[in-house]
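Colleague: This is what each chain is made of:
Protein chains: 6
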Amino acid sequence: MDEDEIQRFKEERERLNDIIMDHAGLETKRFFNLDSQVYEDGQIPVKWKEMMGLVASTVLRCDDCIEYHIIRCKKEGVSDSEFEEALSIALVVGGSITIPHLRKAFELWDQLKEE
Amino acid sequence: MDEDEIQRFKEERERLNDIIMDHAGLETKRFFNLDSQVYEDGQIPVKWKEMMGLVASTVLRCDDCIEYHIIRCKKEGVSDSEFEEALSIALVVGGSITIPHLRKAFELWDQLKEE
Amino acid sequence: MDEDEIQRFKEERERLNDIIMDHAGLETKRFFNLDSQVYEDGQIPVKWKEMMGLVASTVLRCDDCIEYHIIRCKKEGVSDSEFEEALSIALVVGGSITIPHLRKAFELWDQLKEE
Amino acid sequence: MDEDEIQRFKEERERLNDIIMDHAGLETKRFFNLDSQVYEDGQIPVKWKEMMGLVASTVLRCDDCIEYHIIRCKKEGVSDSEFEEALSIALVVGGSITIPHLRKAFELWDQLKEE
Amino acid sequence: MDEDEIQRFKEERERLNDIIMDHAGLETKRFFNLDSQVYEDGQIPVKWKEMMGLVASTVLRCDDCIEYHIIRCKKEGVSDSEFEEALSIALVVGGSITIPHLRKAFELWDQLKEE
Amino acid sequence: MDEDEIQRFKEERERLNDIIMDHAGLETKRFFNLDSQVYEDGQIPVKWKEMMGLVASTVLRCDDCIEYHIIRCKKEGVSDSEFEEALSIALVVGGSITIPHLRKAFELWDQLKEE
Chain A
21 MDEDEIQRFK EERERLNDII MDHAGLETKR FFNLDSQVYE DGQIPVKWKE
71 MMGLVASTVL RCDDCIEYHI IRCKKEGVSD SEFEEALSIA LVVGGSITIP
121 HLRKAFELWD QLKEE
Chain B
21 MDEDEIQRFK EERERLNDII MDHAGLETKR FFNLDSQVYE DGQIPVKWKE
71 MMGLVASTVL RCDDCIEYHI IRCKKEGVSD SEFEEALSIA LVVGGSITIP
121 HLRKAFELWD QLKEE
Chain C
21 MDEDEIQRFK EERERLNDII MDHAGLETKR FFNLDSQVYE DGQIPVKWKE
71 MMGLVASTVL RCDDCIEYHI IRCKKEGVSD SEFEEALSIA LVVGGSITIP
121 HLRKAFELWD QLKEE
Chain D
21 MDEDEIQRFK EERERLNDII MDHAGLETKR FFNLDSQVYE DGQIPVKWKE
71 MMGLVASTVL RCDDCIEYHI IRCKKEGVSD SEFEEALSIA LVVGGSITIP
121 HLRKAFELWD QLKEE
Chain E
21 MDEDEIQRFK EERERLNDII MDHAGLETKR FFNLDSQVYE DGQIPVKWKE
71 MMGLVASTVL RCDDCIEYHI IRCKKEGVSD SEFEEALSIA LVVGGSITIP
121 HLRKAFELWD QLKEE
Chain F
21 MDEDEIQRFK EERERLNDII MDHAGLETKR FFNLDSQVYE DGQIPVKWKE
71 MMGLVASTVL RCDDCIEYHI IRCKKEGVSD SEFEEALSIA LVVGGSITIP
121 HLRKAFELWD QLKEE
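Chains as they are written, first to last, in our numbering: chain A, 21 to 135; chain B, 21 to 135; chain C, 21 to 135; chain D, 21 to 135; chain E, 21 to 135; chain F, 21 to 135.
Worth flagging that the hints you see were computed from the coordinates, not collected in a lab.
All of these numbers come straight from a predicted model, not from anything done at the bench.
One or more of the hints may lead you astray.
One copy or two, either will do: identical chains are not told apart, so a pair holds if it fits within one copy or between any two.
[To be verified] Heads up, simulated SDA-like pairs for lysine to any residue below, C-alpha to C-alpha not over 20 Å straight-line: (1) Lys49 - Leu132; (2) Lys94 - Asp42; (3) Lys133 - Ile26; (4) Lys95 - Gln57; (5) Lys133 - Phe52; (6) Lys67 - Ser99; (7) Lys94 - His43; (8) Lys67 - Asp100; (9) Lys94 - Asp24; (10) Lys95 - Glu134; (11) Lys67 - Pro120; (12) Lys95 - Asp130; (13) Lys133 - Ile40; (14) Lys94 - Glu60; (15) Lys133 - Tyr59; (16) Lys124 - Met41; (17) Lys49 - Asn37; (18) Lys124 - Phe29; (19) Lys133 - Ile39; (20) Lys49 - Glu127; (21) Lys124 - Ile26; (22) Lys124 - Arg33; (23) Lys124 - Arg81; (24) Lys95 - Met41; (25) Lys124 - Ala44; (26) Lys94 - Leu46; (27) Lys133 - Arg35.
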C-alpha cells in the first residue's frame, strides 16, 4: 500500500459504509454508532483503545479491521516499539496463523511513516 | 461486482469445483452432495434455509460463502428488509469484525437488483 | 439438563446479567438493548430470527447462546423437524467440530419437550 | 480424568450420540458416517489421520474432539514424543489460546498410560 | 468464584502446567517462555499489555485465558472503569457471542475486589 | 497460480518477512524461529508434520498458510491420494466453510504438478 492506495482504502471504505447506511435499519445504525463510541476518550485514553482494537483485529485475523486501527494508531502517536510490542502479543496469543496479517500490518506501518 | 463480475464469480466457482471433483475421493464427493441436500426444500422452506446459510456464513466471515448465499437469497425472493434484518442479526452476534463482509454483501445485493 | 437445571440456567443467566448491568457503561447497555431488538418481530417473523440465532450460535460453538436460542425456539413453536433441519445446516457449514454442541442441543430439546 | 472418568466420557458420548440419531434426518446421519469414513485406513495410515484430527481439534479448541482423538491416538500406538511434537505444532499454529486445551490433553495422556 | 476457588484455579493451573513441562520438548518450553516475555514491561507498560491480553482472550472466547488476565489486571491496578471500557471494546468487536464470557469476567472481577 | 505466480508468492512472502524482521523485537524473532523448528524432522517425519500444518491451516481457513504448506508437502513427496485424504479430513472437521480454500488448494496442487 502506497499513499494513493491508503487514500483509496479510505474512500472505498467510505463508499461502502454509505451503501450499508442506505439499507440500514435502526439496529444496524445503532451498532455503527456503538462501534465509534467504544473507541472514544474515556478512562482509557484513545491511544490504548486503538491498540486494543488492533490486537483484537489481529487475533481475529481481519485485514480490513487491522488496516483501520493501524491508521488510527499512527494518528494517535503510537511509536514503532509500541506497535511492535502490541503485535508480538497478538502473535503469541493468536499463533502463526496471524503471520500473514502481520506481514501486511508492518508493510502498511512503513508506508504510513513515509507519508 | 457488476453483472459481468457476478457471471465470472459463478464460472470461476464452477471451474474450481470441477478441479476438486477431478481429485475428490468418495468422502469429499459425499460431502459436496450433503452441502446441496441440507438446503433443499423440507420442513423449512428453501428461502429460510438460504437465509440461515447467509447468517452462518457472515458470522464465520467467509466472503465466497456469503456471495453464494446472497445470489441464492435473491433467487428465492428475499426482500430488502428481510435481507437487512438477517444481516443485522449476524452483525450483533458476530460483532464489528463482520462489518467488512457486510460492506461487500450490501454492495452485491444492490448490483443484483440492477440486473 | 432436566427441568430444574433449565430453571437454574435461566436464573444464573439473570443473576450474571445483573452483575454486568451493575458495571455496564452506556455502550455495554446499548449493546444489550440491540441484542434484544434484532430478534424482535419485523419483516422476518420472530420464529425465523430465533432459528437464525440458533444456527449462528452453533457454527460459532457457544453452548450458552445455543441453549438460550433453543429455549426461545421452543417458545416460538419450532417443530422437531424444523429444529433438526436447522441444526443439519449448522453441522454441514461448521463441520464435525460442532458435534459436541449438537449433542447438548438435542438433549436439551428432548428435556424441553418433557416439560 | 481417571479411568472411571474416561469410561464415563465414552458412555456419555455414546448416550448423546444416540439422542442425536433418534432425531437425525438423512443428512445428519450421512454426516456422521462421513465423520467415521475419513479416518479409516487409506493411503494415509489411520495413525496419522488420527493425529491430523488431533491437531485440527486443538487449533479449533474443542475439548471433546481433542479427548476423542487422544483416546484413538493411544489405541493406534502413538508414542509420547510423537504426541508431544504434534501438540507443539498445534501450539505454534494456534497460539497461547490453545494452552488450556494442552493442559487437559497432557493430563488425559498421562491417565491413559496408567491404565 | 470465591477466594478459595480463585486459589484453586491458580493451583490447578500450576499443576497442569507442570504436567505439560514434564512432557514438553524444547519448542513447547520456548513457547511458554515467549508467552511470559511478551507481557513483560517494555515500551508498553505491563498494565496495558495485560489489558490487551484480556481483550484478545475475550474476542477469542477463552475463559481460562480471560481469568488469568483478569487476575493480572487486578494486580496491576486496573480500575473498574478501565476494566469495563476494555470489555466494551471486546463486546463490540466480538459480538454477542462474547456475552457468556463477560458474565463470568464481571463476576470474577467483583470477587477479586472483595478479597 | 501458474509457475510465475508461485515464484512471485515466494518472493512476496520473503520480502514481507524481511519487513517484519526489520521491526521485530526479540520475542517476534523467537516466534519465527519456533515456527520453523516445530516442522523439523523429529519423531514425526517432516512429511507428516507438513500435512498436519496443512490440515491445521485449512480448518483455520488461512489461504497464505495453506499455500505455504502445499508447496512444502509437494517437496516432501506427498502423493495425490494422501493430499486428497488430508483435505477430506479438514473438510469434515471444518465444514463447508472450508470449501473456498479447498478450491484454491487443489488448483495450486495441479499447478505444482505441471512444473
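Colleague: Next step is simple, just say for each hint if it's right about the structure.
Modeller: Each hint tested on the structure:
1. Lys49 - Leu132: neither (30 Å within a copy, 23 Å between copies)
2. Lys94 - Asp42: Between copies, since 18 Å is at most 20 Å while 30 Å is not.
3. Lys133 - Ile26: within (12 Å within a copy, 30 Å between copies)
4. Lys95 - Gln57: within (17 Å within a copy, 28 Å between copies)
5. Lys133 - Phe52: neither (29 Å within a copy, 25 Å between copies)
6. Lys67 - Ser99: both (11 Å within a copy, 17 Å between copies)
7. Lys94 - His43: This pair counts as between: shortest inter-copy Cα distance 15 Å, intra-copy 32 Å.
8. Lys67 - Asp100: both (14 Å within a copy, 19 Å between copies)
9. Lys94 - Asp24: within (17 Å within a copy, 36 Å between copies)
10. Lys95 - Glu134: Classified as within; 14 Å inside a copy, 39 Å across copies.
11. Lys67 - Pro120: For Lys67 and Pro120, the Cα distance exceeds 20 Å both inside one copy (25 Å) and across copies (23 Å).
12. Lys95 - Asp130: within (14 Å within a copy, 34 Å between copies)
13. Lys133 - Ile40: between (31 Å within a copy, 15 Å between copies)
14. Lys94 - Glu60: Answer is within; shortest intra-copy Cα gap is 16 Å, inter-copy 23 Å.
15. Lys133 - Tyr59: Classified as neither; 23 Å inside a copy, 26 Å across copies.
16. Lys124 - Met41: Cα proximity of Lys124 and Met41: across copies only (13 Å, versus 29 Å in one copy).
17. Lys49 - Asn37: Classified as within; 11 Å inside a copy, 24 Å across copies.
18. Lys124 - Phe29: Answer is both: 14 Å inside a copy and 14 Å across each meet the 20 Å cutoff.
19. Lys133 - Ile39: Between copies only: 13 Å across chains, 31 Å inside a chain, cut-off 20 Å.
20. Lys49 - Glu127: between (33 Å within a copy, 17 Å between copies)
21. Lys124 - Ile26: both (13 Å within a copy, 19 Å between copies)
22. Lys124 - Arg33: For Lys124 and Arg33, the Cα distance is within 20 Å both inside one copy (18 Å) and across copies (10 Å).
23. Lys124 - Arg81: both (11 Å within a copy, 17 Å between copies)
24. Lys95 - Met41: neither (26 Å within a copy, 24 Å between copies)
25. Lys124 - Ala44: between (31 Å within a copy, 14 Å between copies)
26. Lys94 - Leu46: Classified as neither; 32 Å inside a copy, 23 Å across copies.
27. Lys133 - Arg35: between (25 Å within a copy, 18 Å between copies)
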